[in-house]
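Chains A and B, in that order, are what the protein sequence lines are. This note's numbering numbers the first residue of the first sequence as 1 and each following residue consecutively. This note's numbering numbers the first residue of the second sequence as 1001 and each following residue consecutively.
Bear in mind the hints are in silico, worked out from the structure with no lab data behind them. Take the hints with a grain of salt, since some may be wrong.
To be verified - Straight-line alpha carbon distances no greater than 20 Å define the calculated EDC-like cross-link-like pairs of lysine to aspartate or glutamate that follow:
| hint | chain 1 | residue 1 | chain 2 | residue 2 |
| --- | --- | --- | --- | --- |
| 1 | A | 254 | B | 1156 |
| 2 | B | 1085 | A | 255 |
| 3 | B | 1226 | A | 289 |
| 4 | B | 1272 | A | 271 |
| 5 | A | 311 | B | 1376 |
| 6 | A | 283 | B | 1282 |
| 7 | A | 254 | B | 1163 |
| 8 | A | 311 | B | 1369 |
| 9 | A | 311 | B | 1156 |
| 10 | A | 33 | A | 5 |
| 11 | B | 1277 | B | 1298 |
| 12 | B | 1159 | A | 255 |
| 13 | A | 311 | B | 1282 |
As the list claims (entries may be wrong) - Residues of chain B clear of chain A, computed beta-carbon distances all greater than 12 Å:
| hint | residue |
| --- | --- |
| 14 | 1068 |
| 15 | 1102 |
| 16 | 1127 |
| 17 | 1159 |
| 18 | 1176 |
| 19 | 1180 |
| 20 | 1189 |
| 21 | 1220 |
| 22 | 1221 |
| 23 | 1228 |
| 24 | 1231 |
| 25 | 1268 |
| 26 | 1283 |
| 27 | 1286 |
| 28 | 1307 |
C-beta atoms are modelled at their ideal positions from N, C-alpha and C, and glycine is treated no differently.
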Amino acid sequence: MDSFETSTQFSQILRTLTPSMQSLIRGAHFALKYYQSEDYLVHTIVEVVDDPKVDLNTKSTIFQFIEVLVHESYTVSEQPKSVYNYPYVTALKSLLPKVLLQTLPGSNCSSLYNVYCNLKSISKTLKFNFEEYDIRFNSINESFTLEDEENIIANVEFPQVNEDDEVETQEPLITTWNLLIKKKKQSQYERLRLLRHKELCSGKLIEEDEMFNIRLGEKSQGGVQKKEADPQLLTKRQILARMEDDRESHKRSKEHLWMVSRPRDVNGVTEDEFLTSYWNKYKVMNEDEEKTLFADLEELNQLVAMSYKDKQF
Amino acid sequence: MSASDGPIPHVSQSGAKTGSQQQHPPSSKAPPPIVAVTQVSRPFFTSSELKYLLQQTIPESKKVLYSQKKHQVFQFVFQLIKTVKFPLRVLATTMNYYQRYFLFNKWEESTSSGTNGTTGTPTSVQEAHELIIKQHERDPFVIAMSCLLLASKNEDCIKKLKDIQVVGNKLRDIDDQDSKGLYLDFQRKAILNIEFKILQVIKFDFLNGSTMNTSVDQLLVQFCKKLGIDYIHTMYSWLVSFDIMSTPLCLMIPSHCIAVAIIIITLNVKPKDIVHKFNRGEQQLSSHDLNVILESLDCYSQFRCPETLVNEGIIYVLDYYVHNMNYSILNEYMPAIDADTGKEQIFKFMDLKSRFNDLKILDEASCSERDMLRQDYYLKPWDYSLSAKGCSRFMLGNKRARFELELQFEQEYKKKKVSEVSSV
């Protein structure tokens, strides 16, 4: 297969990518198989991501795909006597800021959390220390300045996040993290702005179609559209598909968390399990944790009291 | 308002008063199914209630057999969760469901691996299949797998049912590989049928006294850490909690009370020379230290545990070891002779039990007499066909207020209808 054919096929794979692990891995293996056409295939990724016809869900999936591809590339290259020499890794790394902005275009941050998870995982694979960025990402509220608050009150839109604002020479992963943090701030900012300036909808029933109708913009009373449809927003079908995909990927992410490995040769319960799954796992509860637990237990106590016929306590 | 009145008899549209058992006769003019029975979840029972329920489902002569089988089932489920790497809380919930199931369903010995036990001769292929499924449904191990399936879902450890089946059958040396996969298919149907029954037995109450973060073993370690109890004594408590997992104590009191009861026993027993290999360097608490912790322990203010329930737990656990010490996992971790008393370990529990004789335990004034128990709708055998018709509704005790509002609406609606009719 020549390079042109490979990239056509690859483009097709990317456009029909689904967030199931199977589909992602299949795509990654295709890319690895034709690692000699790396330049062409990376260009294909850029093309697909830039294509306005490709919907946002697919772009978010492509971000996931990059995570999987980087991971796979590492795995195959680290095997003894491997013919691979970390293909795609450098190229994809420098591509990240661009893909991130395409996945989170304008003020639409619906894929924010997915991108965050993928970026964390990519950083882990590349052994990049992202702790500082992670903390900043998760404490975004502290980064609001007085000026931001004034802008929210004045109903000013958050300034567009651009790649050009970042220092060019720095490591692309740092740029990506910085962009992501800005995006998170933007999403939080827009949320606060929305809460402040839009009325809460209460008391009236909303038709299902209207509820999902974020793309078509507001309709005036006569049914004539006020605003042009915004292609950056999701349609009802896309929202539903996305809910399903996210549910699936969330389920997958939790699949192995609970696993407990126990020694095979022992019949009963072992001290090893006590040490690793209990003694080392639980710390003394802090005040907040204790408060939550007590609230739960008090509610449980009410249920318990109702369970018996006689008053027990 | 008490939750003890079980299903609320509720007047249906056809005017017939439907109790817990009555069903709507099928007729062409039948109104769409409406809620005829409401069951408010009552997850905890006193010991008299448990005894009464078990009398209905397990004949006196088979009691020993039932407990033997239960022990086997516990071992079976434990091996199963080891293979699929589930955490212990899944085992605990499975045993909770398993024991709860037999409060409301008859216990029969037959196993699905044998061919005998069929009644009558099937006349069609479909009937024959149904018979096989029914046979599976009577098998305690199949019931256990069904409990495990539901427990794993409730504890958020998802595995495919087929994986559970394959591992379970392998543990029991059952050859489930026929050419058409029929065995697994029938077994699967039986497991799902039972699952639906268990859901009704637990009244769709997924708190079940143990929400996600409140399984006995987890809470116990957290509580021990809070009290500053050292590694070795926490481990002792944890071993006790493992032993107690296979008992019906979880049907009597909630998990946080069980945890505190176990801690109090540990602090009283003050065990020495527990076999362990880790944390050997750690300074162990002296008897005096343990006494100080015990003196300052307050069930309610520190752990939100009503004292009566904790006392019930203490007596139960002591009783368990007095009778079952030799079969317990604790026994494997303790020297045969206690260094302090120079006697076997079991004497410590006996001694404690006599000391704790006058503890205030659960009040059973309203359920000590058989007649009173007989009047309790909640304890009657449950008719599963009712739910299949969509005529029953389940709810948690604290959500009942919502239902009362609904009843009020309905009454107002009826009044309105009546006045409309009379004005015409």
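- Task: Could you tell me which of the hints above the structure violates, numbers in ascending order?
- Result: Hints 9, 11, 13, 17, 21, 22, 23, 24, 28 are the ones this structure does not satisfy, whereas the remaining hints hold.
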